[in-house]
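Take these sequences, add in the hints, and give me the full structure.
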Amino acid sequence: MSVDEPDGTDVRTRFEVEDKGVGILGDELEKIFESFEQGWASAHPQYGGTGLGLTISRELVEFIGGEIWMESELGKGSTFYFTAHFDVDTA
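Counting from 1, one number per residue, gives the positions in the sequence shown under full-length UniProt numbering.
Simulated from the structure, these hints should not be mistaken for lab results. Note that CB positions come from ideal geometry on N, CA and C, so glycine has one too. Any given hint could be a false lead.
[Unchecked claim] Dumping the calculated PhoX-like pairs for lysine-lysine here, alpha-carbon to alpha-carbon at most 25 Å:
1) K76 - K20
2) K76 - K31
3) K31 - K20
[Claimed, not checked] Using C-beta positions, here's what the derived DEER-type ranges look like:
4) L29 - E5: 16 to 22 Å
5) L52 - E73: 22 to 28 Å
6) F36 - T90: 42 to 48 Å
7) D4 - E73: 25 to 31 Å
8) V3 - F36: 30 to 36 Å
9) L29 - L60: 17 to 23 Å
10) G21 - V88: 35 to 41 Å
11) L60 - K20: 19 to 25 Å
12) E30 - D89: 34 to 40 Å
13) E73 - T9: 35 to 41 Å
14) D7 - E30: 28 to 34 Å
15) D7 - L52: 30 to 36 Å
16) E59 - E28: 17 to 23 Å
Written out as structure tokens, the structure is:
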């Protein structure tokens with residue numbers, strides 16, 4: 001987690017989560033935040049899941065005015081990032 005300097009009444013935080021799993025192919029990165037999308041599920045069915053976790057994460061992050069994205073390298077894992085903006089109490 002990192003925190004930017006407050007900008008008036010707002011502060012931006014950035015969170016980073018590393019996953020040392022199998023990684024995701026570059027052309028799958030665009031789709032991975034879509035509902036029921038698992039990207040690599042056909043190649044790795046043992047991991048299971050519904051394909052909703054990242055969709056829900058995106059909706060929550062966007063609801064609080066942030067952004068979410070990821071970087072990934074097949075065979076090395078993925079890093080997920082998201083930002084959130086919070087009001088600064090000036091009282």
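### Message
Please list, smallest to largest, the hint numbers that this structure does not respect.
### Response
Per hint list: single violation, 4.
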